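As a plain string of letters, each chain reads:
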Amino acid sequence: MKNSLQIVAEPVKVVAPKKSLWIDAWKRLKKQRSAMIGLTIVLFFILLGVFAQFLTSHPYDGFNTDKILISPNSEHWFGTDDQGRDIFSRILYGARISLWIGFFSVIGSIIVGCYLGLIAGFYGKWVDTIISRMFDIMLAFPSILLAIAIVAVLGPSLFNALIAIAIINVPTYGRLIRSRVLSVKEEEYIMSSKSIGMSNSRILFQHILPNCMTPIIVQGTLGIATAILEAAALGFLGLGAQPGEPEWGKMLSDSRQFLTVAPWTLLFPGFAIMLTVVGFNMFGDGLRDALDPKTK
Amino acid sequence: MKPILTVDNLQTHFFTDSGIVRSVDGVSFQVNEGETVGIVGESGSGKSVTALSIMRLLPSRVGKIVEGSVKFQDIEMSKLKEKEVRKIRGNDIAMIFQEPMTSLNPSYTIGNQIGEAVRLHLKLNRKQAEKRSVELLQQVGIPRAQEIVHEYPHRLSGGMRQRVMIAMALACNPKLLIADEPTTALDVTIQAQILDLIQQLKKTSNTSIIIITHDLGVVSEICERVIVMYAGRIVEEGDVRSIFESPSHPYTSGLIESLPSLDESVEWLETIQGNVPIPSQMPTGCKFAPRCKFVMERCKQEEPELIDIGMGRKSRCFLEGKRKNV
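Protein chains in written order, with our numbering: chain H, 1 to 296; chain D, 297 to 622.
Because the hints were derived from the structure by calculation, they are not lab data.
Treat the hints loosely; a few may be bogus.
[What the hints assert, rightly or not] With a straight-line Cα cutoff of 30 Å, these simulated DSSO-like cross-link-like pairs (lysine-lysine) come out:
no.	chain 1	residue 1	chain 2	residue 2
1	D	Lys499	D	Lys589
2	D	Lys499	D	Lys419
3	D	Lys360	D	Lys427
4	H	Lys30	D	Lys498
5	D	Lys367	H	Lys185
6	D	Lys471	D	Lys596
7	D	Lys589	H	Lys194
8	D	Lys298	H	Lys185
9	D	Lys383	D	Lys427
10	D	Lys498	D	Lys423
11	H	Lys125	H	Lys194
12	D	Lys367	D	Lys427
13	D	Lys498	H	Lys27
14	D	Lys375	H	Lys125
15	H	Lys194	D	Lys596
16	D	Lys375	H	Lys185
17	D	Lys596	D	Lys498
18	D	Lys423	D	Lys367
19	H	Lys185	D	Lys419
20	D	Lys427	H	Lys194
21	H	Lys27	D	Lys383
22	D	Lys375	D	Lys423
23	H	Lys185	D	Lys596
24	H	Lys125	D	Lys471
25	D	Lys383	H	Lys125
26	D	Lys423	D	Lys360
Note that this is a predicted model, so its numbers are computed, not measured.
Take the sequences, apply the hints, and build the full model.
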């Protein structure tokens with residue numbers, strides 16, 4: 001039977017040159033200067049965090065009562081704080097904490113948010129109503145207030161701050177994916193996969209989810225910046241990092257009373273926070289343009 | 297011949313905010329084994345909804361089969377659970393959609409998508425599924441099938457994608473194939489190729505086919521029997537030849553007259569005046585009466601029945617009844 005039909009002469013039209021979406025996006029991304037600067041900053045901080053122990057000879061928690069509030073010099077590049085700890089080392093190890101919180105809180109929010117958003121968008125009706133109202137209620141609170149409340153319940157620690165930040169960002173991703181699902185589920189290929197007898201859950205995770213991921217990736221990159229800021233804010237309020245942990249926000253709050261006598265104690269952590277956030281934002285903006293050229 | 301599909305008094309309604317739309321309003325027909333049946337009609341005549349009702353693929357929130365039965369072989373489709381319907385879909389009854397450009401998921405390769413159907417129903421593993429995909433692609437006449445299985449849909453042209461859709465539909469050797477306007481979105485040369493392909497497939501396998509179209513040219517080429525639908529009802533049914541030679545219902549003759557002909561040059565093509573009535577303003581009598589050239593007083597009062605006019609033909613027109621009585 002299979003050879004009974006002649007192969008038709010119609011040539012296979014190659015519409016686009018052979019490259020995947022990601023290679024394509026990377027090419028567009030490379031052309032944007034701000035995105036590349038952002039990426040460089042992000043990579044720079046990642047490297048700082050990863051190789052922290054090789055880049056400095058000072059321990060981040062080395063108390064030294066002889067060297068309190070020393071201004072930047074050749075031995076302590078960024079100076080020391082009120083406990084005599086090397087600020088440069090603390091910034092390096094702090095990069096680990098901030099990036100850690102940034103990545104994992106966003107991944108947590110995305111997993112939970114995607115799941116809820118997919119279900120809400122796909123099944124609609126009362127499922128949608130319940131989930132969407134839940135998101136609305138969460139979004140009605142100022143996010144930092146909600147995070148404070150959650151940390152207050154869980155108890156202040158770095159890990160609980162991560163959980164709190166993940167929770168407060170769930171609605172952002174949930175709503176984003178819900179709106180994508182609403183349009184993707186009307187696509188013909190969804191109907192055609194139904195017509196070959198596919199089950200709902202398989203359609204949901206195998207056909208709808210992959211087609212909703214691009215805005216999530218973009219939002220996630222930008223979300224890391226927000227998460228880092230929120231972690232710093234919680235640290236500043238004493239609800240995130242605990243004394244001794246080199247968290248940037250915590251460093252700011254610990255040394256704010258020395259603003260006039262030792263400005264470097266605030267300047268460098270503040271600068272680190274600003275740079276990473278700017279880096280992620282620039283990279284995220286560029287990524288959005290690269291992944292979805294139409295929106296530009 | 298044994299009927300493979302029996303649709304009896306099917307009524308599918310849509311419950312919208314602006315009222316109930318009777319998209320399919322008491323449709324009955326049969327499809328025999330190995331037979332090709334065409335369903336023709338204008339947009340909004342209920343042909344696609346009939347197909348979706350058979351497959352039970354109506355949008356669950358608004359569309360609903362309110363009455364009637366769809367029997368596939370001896371299985372009553374409307375009584376099956378969703379899970380049981382899924383076993384039939386794609387396996388025994390397959391469907392081809394109108395838009396090949398959007399009917400394939402852009403995130404997966406061709407082989408992956410064809411393989412999905414076979415993996416689902418025939419429980420093959422990944423490797424066997426890929427082998428079967430290549431076979432199917434060769435069967436629908438795609439050159440370089442070995443390479444195409446690894447391609448993404450955006451690299452294929454419309455005609456190629458429709459071939460892929462057909463390959464997907466054929467994956468499990470279905471007993472019934474429903475093609476919902478399979479050629480509408482394609483250009484003319486590709487249309488002819490796809491029709492050729494469907495015809496060849498019909499010869500090689502004993503699949504019954506329902507072709508839904510508004511193109512009478514397609515019908516005359518590959519169908520054995522035609523069902524003409526208007527405003528959710530069947531207005532005429534019969535074998536292709538006799539319907540084209542002597543259409544009984546004024547709507548059918550209107551459709552045939554509005555086909556352009558190469559033999560004679562005319563300045564204006566014939567058209568049927570007006571549009572399909574919108575659901576909220578359905579006429580009380582014959583649904584076609586406001587547009588009919590031969591409208592009588594009676595047509596506006598009562599609706600004609602679908603009567604048997606001999607030779608396996610049916611027509612829903614008072615004129616036909618008169619002709620018969622005299």
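For this structure, which hints from the list above don't hold up?
1, 3, 4, 6, 7, 8, 12, 13, 15, 17, 18, 21, 22, 23, 24 and 26
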